[in-house]
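Residues per chain are reported as follows:
2 protein chains.
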Amino acid sequence: MENAPASAFIPHERILMGPGPSPVPQRVLRAMAAPTLGHLDPQYLAIMDHTCAMLREVLRTKNALTFPVSGTGMAGMECVAVNLLERGDEAIVCVNGVFGTRMKDVMERCGATVHAVEATWGDVISLEQITAALDAHPRAKLVTIVHAETSTGAHQPLAGFAELVHSRGALLVVDAVTSLGGHELRVDEWGIDAIFSGTQKCLSCPPGLSPVSFGERALAVMDARKTKVQSWYLDVSMLRKYYTGGAGAGGGRVYHHTAPINMTYALHEALTIVLEEGLDARVERHAQMYRRLRAGLEAMGLCYIPKHSLHSLNCISIPAGADDAKVRRRLLEEYGIEIGAGLGPMAGKAWRIGLMGHGSTVRNVDLVLAALKAVLA
Amino acid sequence: MENAPASAFIPHERILMGPGPSPVPQRVLRAMAAPTLGHLDPQYLAIMDHTCAMLREVLRTKNALTFPVSGTGMAGMECVAVNLLERGDEAIVCVNGVFGTRMKDVMERCGATVHAVEATWGDVISLEQITAALDAHPRAKLVTIVHAETSTGAHQPLAGFAELVHSRGALLVVDAVTSLGGHELRVDEWGIDAIFSGTQKCLSCPPGLSPVSFGERALAVMDARKTKVQSWYLDVSMLRKYYTGGAGAGGGRVYHHTAPINMTYALHEALTIVLEEGLDARVERHAQMYRRLRAGLEAMGLCYIPKHSLHSLNCISIPAGADDAKVRRRLLEEYGIEIGAGLGPMAGKAWRIGLMGHGSTVRNVDLVLAALKAVLA
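Quick note, the sequences are listed as chains W and U, same order. One point on numbering: in the numbering used here, the residue at position 306 of the first sequence is 1782, and numbering is uninterrupted. One point on numbering: in the numbering used here, the residue at position 375 of the second sequence is 1851, and numbering is uninterrupted.
Everything hinted at is true.
Here are the simulated DSS-like pairs of lysine-lysine, each with C-alpha atoms no more than 25 Å apart in a straight line:
#1 W:Lys1825 <-> U:Lys1717
#2 U:Lys1617 <-> W:Lys1704
#3 W:Lys1702 <-> U:Lys1704
None of these hints come from the bench; they were simulated from the model.
Using the sequences provided together with the hints, build the complete structure.
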C-alpha cells in the first residue's frame, strides 16, 4: 500500500557538490534536533537574538534590522522586494543569469516598472552600465545586483557601486545567497542598503531560512511607504516588532508568526562554526580550494565559463562528447557525489560544482577530480 | 563577548501546552537530523512524494495539488489568498478571532475587496450569516472561514457550508491550522476547495512547513487568472511543476526554489506517526483528553469562553484575582509548562491550553490541572 507507514528515513549519504544545499556538519544536524520550544519562550528569544547578532558579524554590519526570514533564499529575495517597492515605482535590476531574471520577475509582481541592465550569462555588470541605466531612469528607487550568480558561477565585483547608486538617490540591493560565508562580503563598508542570503550555501545549514539585513537608507524608504506591503508574511514593519522588539529597554516582543524554531537552532550552530573558524580564514579556505579545483579541472582540459569565477561555485563547459545526464548520474550512483546541471540557456551545456562551507575541503576537491577523471575517461 | 562562539544549545525541556508549537516526538526530531539531500535528489523526491501522499490521507482528499508550502502556517494562508485572488476581486471573510482578522488583511493586500462576516470572538459563524453575505455580495469569488480559531478556541462547524457557497458559484476556503490531525476534517466529503494548515499543531512536527491542498474548482479559478500571482515564492502555477511534475508518465520536475529538506524529513515522520495511530483513533484521543481537561478545569471553577470549544485548544477565562503573567511565569518556571496568553481583545482575559497531537495525553492533562491548582491556590 502506497501510504503505509514507513520506517524512519535513512538516506544514502551524498557528498553535496552542487549549487546547494551544501554538506551540513553533524554538529548542526544535532543542534537542530534539540527539543522544540515556543516562539515566545525566553530561551528561544535568547537564541534568536544571539543568532541575529552572529548574522550581523558574518555580514559585517551594524544594522539592527538583521534577521532570518522564515523561508528559503527566494523568500528573502521577495522580502526585500516587497518591502522596498510600491506599485508605480521604478527599479533597475541587473540580469546576467537565473537569479537576476527572477529578481526582475519578483519586482514586477510588486507593481514596479523594472529596467533590466543585461550582460551575457557568465559575464558581470560594469559600473558604466549602471551609470547609463541611472541616466536613462533617474526615478529608479533602487539598483539590484547579484553578488554570486549561482546559475553561471560569475562573481560580481561591487567596488564603487554604492557610491554611484547613492549619488543618484537610489538604494543598492544585493543578492548574496551563494557568497555569504564563503566570499569577502562587507555590508557596511561597501554601502549595501539591503541584502538577502540563504542558509544552505556557504553557511552549511539546511535550507529553510533566509538571512536579510536592512540599513538606515532602506529603513527610511520603508518608513515612507504610502501603501501596505503586499505580503503579510514578509512585512518588515511587523516583523521588526518581533525580531528587534526586545532590543531596547522595556521593548516588548510582538507576536507575528510562528518562526521555524528548530531551523533557528541549526542556523545558530552553523554561525557558531563560521565564527569559530573566523571569517577571514573561511574566505581564504574557499579561495584555496577553488584554486586547487580549478587547476585540476583545467589540467583535464575542462574550461570555466565565467571570466570572474566564484570560489563557491565552479561553472564549467561540458566537454564535447560527454553525456550530461549520464555523467551526473554516474557521479551520483557510483560516488555519491551530487553536482549541478546547467540552468536555462546553459542546460545541457554546463556543470556546476559547488565548494561551499563545510564542503570546501581538500578531500572533496581531490575526490571530485578523481571521479570526473574516471567517469569522463 | 556577546558574539563569542557558544557551546551547543540544550534548552531546558518544556511541556508545550500553549497554542503551538506542540511537543515533538523524539522520532520526529531524529528524522529531521538525517543528512541533508539535494532538492532534486531522487531520494528526496521520493520522500517528498510520499509526504504529499500521506498529507492527502490525513486531509482525506484525492486532490493532486496537495503539498507543504516552504514556510510556517501564515505562508500557507498567504499562498491560498494570492493564488485565488486578483486585484479587483471580491471575497467574503468570516472574522471571529485573530486568524479571520489576518485573512482579511492578507486578502486586502492582494487588492481584493473583502466583506467581513463577523461574530463575537469565541462565537462561530452561522449559515444564515453566509447566506446574507452572499446575497449582498453576489460577485464574491470565495468565502473563507476558520475551522479552528486558535485565538479563541472556537470550533467552527462546516456542515452545509460548501453546498451553500458552491450554489452561488464561489469557493470555500478553510483555515485548518489548529484542527488538522486532531479534529474530524474531511476535505473532499465536505467540499472544501482550498485549505491550509501548519505542522506545529496537531501534527506535532516543528514549525516550518504549511500543508495546502487545492481542489478542481480552485484549480479552474487559478487557471483562469488574467494576471500573475503577486508572490513569486508562493505562485502555485510554478510550484505545481515541482510538486506534481513527476506524477504523470515522463513528467519532469521543474526546479522552483530549494525546499526546506530536513523539515520535509520531519513532516514525513510526523505523518507516519499520525497514520500509525490512525486518524479516527487520533481524533477520538483528542476528544477524550479535551473532556478530561474540561471536567477538571470546570471542577476548579474555571470557565470556557467559546460555546463550541475545540478539542485541541482550550480557551478559558482568567479567574478574578489571578495575575495573568505571574501564573504563566510560575507554570513555566516551576513546572516547565508553557500555556498561551490571550490575544487581541482577550489579552489579559484568557488563557489558552493546547492539547495537540503528541501533547494530548492523560499525563499532560493531569499535570496541568495539578499545576494550575497549586499555582492558583
